[in-house]
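S.K.: When you get a sec, could you build the whole thing from the sequences and use the hints?
Residue 1 is where the sequence shown starts when you use my numbering, and the numbers rise one by one after that.
No wet-lab data here; the hints were simulated from the structure.
A hint or two may mislead.
As the list claims (entries may be wrong) - Here are the simulated BS3-like pairs of lysine-lysine, each with C-alpha atoms no more than 27 Å apart in a straight line: (1) Lys271 with Lys216; (2) Lys124 with Lys58; (3) Lys76 with Lys58; (4) Lys259 with Lys272; (5) Lys58 with Lys164; (6) Lys164 with Lys216; (7) Lys61 with Lys216; (8) Lys216 with Lys124; (9) Lys61 with Lys76; (10) Lys105 with Lys164; (11) Lys105 with Lys58; (12) Lys216 with Lys272; (13) Lys58 with Lys339; (14) Lys76 with Lys50; (15) Lys76 with Lys105; (16) Lys339 with Lys272; (17) Lys61 with Lys50; (18) Lys339 with Lys271.
Since we're looking at a predicted model, the values are computed, not measured.
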Amino acid sequence: MASRIASFPSFLAFVVVTVATLFPSSSSQQQPAAAVPQPRGFYISCGSDKDVQVGSIKWAKDEGFTAVGNASAINKPHLLPLLAALRYFPDATARKYCYQLPVVKGTRYLVRTTYFYGGFDGGKEPPVFDQIVDGTLWSAVNTTDNYRRGMSTYFEMVAQGQGKTMSVCLARRPDTASSPFISALEVIDLADSMYNTTDFSRFTMTTVVRSRFGSKGDIVSYPDDPYNRYWAPFADANPMVESHSSISPDDFWNQPPAKALKAGITTSRGKKLAVQWPTTELPAATYYVALYFQDPRTASPFSWRVFDVAVNGNDFFRGLNASAAGVMVYSSMMQLSGKTEILLTPNETSPVGPLINAGEIYQIVPLGGRTATRDGMYACIFFFIHDTNLFCQYFIQLSVSSCRSRPVSCAVVAMEDLASSLKNLPPDWAGDPCLPQQHSWTGVECSQGSPVRVLSL
1 MASRIASFPS
11 FLAFVVVTVA
21 TLFPSSSSQQ
31 QPAAAVPQPR
41 GFYISCGSDK
51 DVQVGSIKWA
61 KDEGFTAVGN
71 ASAINKPHLL
81 PLLAALRYFP
91 DATARKYCYQ
101 LPVVKGTRYL
111 VRTTYFYGGF
121 DGGKEPPVFD
131 QIVDGTLWSA
141 VNTTDNYRRG
151 MSTYFEMVAQ
161 GQGKTMSVCL
171 ARRPDTASSP
181 FISALEVIDL
191 ADSMYNTTDF
201 SRFTMTTVVR
211 SRFGSKGDIV
221 SYPDDPYNRY
231 WAPFADANPM
241 VESHSSISPD
251 DFWNQPPAKA
261 LKAGITTSRG
271 KKLAVQWPTT
281 ELPAATYYVA
291 LYFQDPRTAS
301 PFSWRVFDVA
311 VNGNDFFRGL
321 NASAAGVMVY
331 SSMMQLSGKT
341 EILLTPNETS
351 PVGPLINAGE
361 IYQIVPLGGR
371 TATRDGMYAC
381 IFFFIHDTNL
391 FCQYFIQLSV
401 SSCRSRPVSC
411 AVVAMEDLAS
421 SLKNLPPDWA
431 GDPCLPQQHS
441 WTGVECSQGS
451 PVRVLSL
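M.R.: What follows is the structure, encoded as structure tokens:
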């Protein structure tokens, strides 16, 4: 079941920051394979010369998903197989380096990038660079602190397919000291109900934190979560409680795994429960917040508790009845900044104290746009053969009729199709041709404003 809270003020200016989550690089964390089907989506081991099996998931080598960069093996003891190779991009003339994957327009995907430096370039610290999804500048990739602690770093985004392909790209920054690199890439299909209150035609969501409360130990992921989301344990000074019943994930729009709600944080009857979560301060921005609650007692007419939920002193939900079946409350547009406190205040008639089991926070990111290649803008290709060299002139026309009125043969193609039809392309001719503006294709002139179009080549 799902409950909606009162609406919050609309969009606040976004600050380009993402909180990176990390996990150990040691192979001691690897789980044995289980007899469960592969989750839907793409699991790519970047730079590997063969497919890699990690637990229940088979990771494919990246051949066919990118045409640029070099592969490098990471020779460190007890390393997870997924981190034993990477792809790096030494060509400093390219404006971006892209992976391209087939997607279904309108379908939502969890995009995860994983990085483990491993000293592939002979240096001591990893370079800092940007990552891009389609035409949207996602975040900076700075893995220095995590690498010093022997940890890999991953970033997540929930995005919608805007066309027939999705591009995930890396790009240099002015301060990038070495070659951008990537260890693994995931693009995972999500169910239609998941995070469905966000307008993904205008926004994406970057993962800030995803936690299961009252828990210690390992991260919960696949196969417990069929979408391979990572639910990290979170515990504080409050009492912890184990659940004696299980929720049905399909009863929740976001389909949290039952294991993520098997424990919780609680307090005594009549007392308020205050939780500082996440532990890091948040930049002033707009966030999607989802909180999950379940009465931990065996299901019965008496397994319920009622309390009010507030976030940073603002009402989030009043009179929440958390039963053994579980309940989710959320805000799809909530402004947060600095420290975040969740306060649960029990109803006077509630037989037991309040509790919380799990939570997710995502930062709302406005889409950077998409180059218009099909809505009235057409590329006419004129081929002139001279000896053995193929010389191409490109003209951009405003309509099919004007293109066809030319006295020469004219083909109507999108820029992506054009790139795939030619040889010896510039290395950055993949992904969105014009966006982000500072990472457009080499040799392409684009219009300003919206919609963005290719003006000339």
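S.K.: Work down the list of hints and note, for each, if the structure agrees.
M.R.: Each hint tested on the structure:
no.: 1; hint: Lys271 with Lys216; in the structure: holds, 24 Å
no.: 2; hint: Lys124 with Lys58; in the structure: violated, 31 Å
no.: 3; hint: Lys76 with Lys58; in the structure: holds, 22 Å
no.: 4; hint: Lys259 with Lys272; in the structure: holds, 26 Å
no.: 5; hint: Lys58 with Lys164; in the structure: holds, 24 Å
no.: 6; hint: Lys164 with Lys216; in the structure: violated, 41 Å
no.: 7; hint: Lys61 with Lys216; in the structure: violated, 34 Å
no.: 8; hint: Lys216 with Lys124; in the structure: violated, 32 Å
no.: 9; hint: Lys61 with Lys76; in the structure: holds, 20 Å
no.: 10; hint: Lys105 with Lys164; in the structure: holds, 6 Å
no.: 11; hint: Lys105 with Lys58; in the structure: holds, 25 Å
no.: 12; hint: Lys216 with Lys272; in the structure: holds, 23 Å
no.: 13; hint: Lys58 with Lys339; in the structure: violated, 39 Å
no.: 14; hint: Lys76 with Lys50; in the structure: holds, 19 Å
no.: 15; hint: Lys76 with Lys105; in the structure: violated, 40 Å
no.: 16; hint: Lys339 with Lys272; in the structure: holds, 19 Å
no.: 17; hint: Lys61 with Lys50; in the structure: holds, 5 Å
no.: 18; hint: Lys339 with Lys271; in the structure: holds, 22 Å
In this structure, the hints that do not hold are numbers 2, 6, 7, 8, 13 and 15, in rising order.
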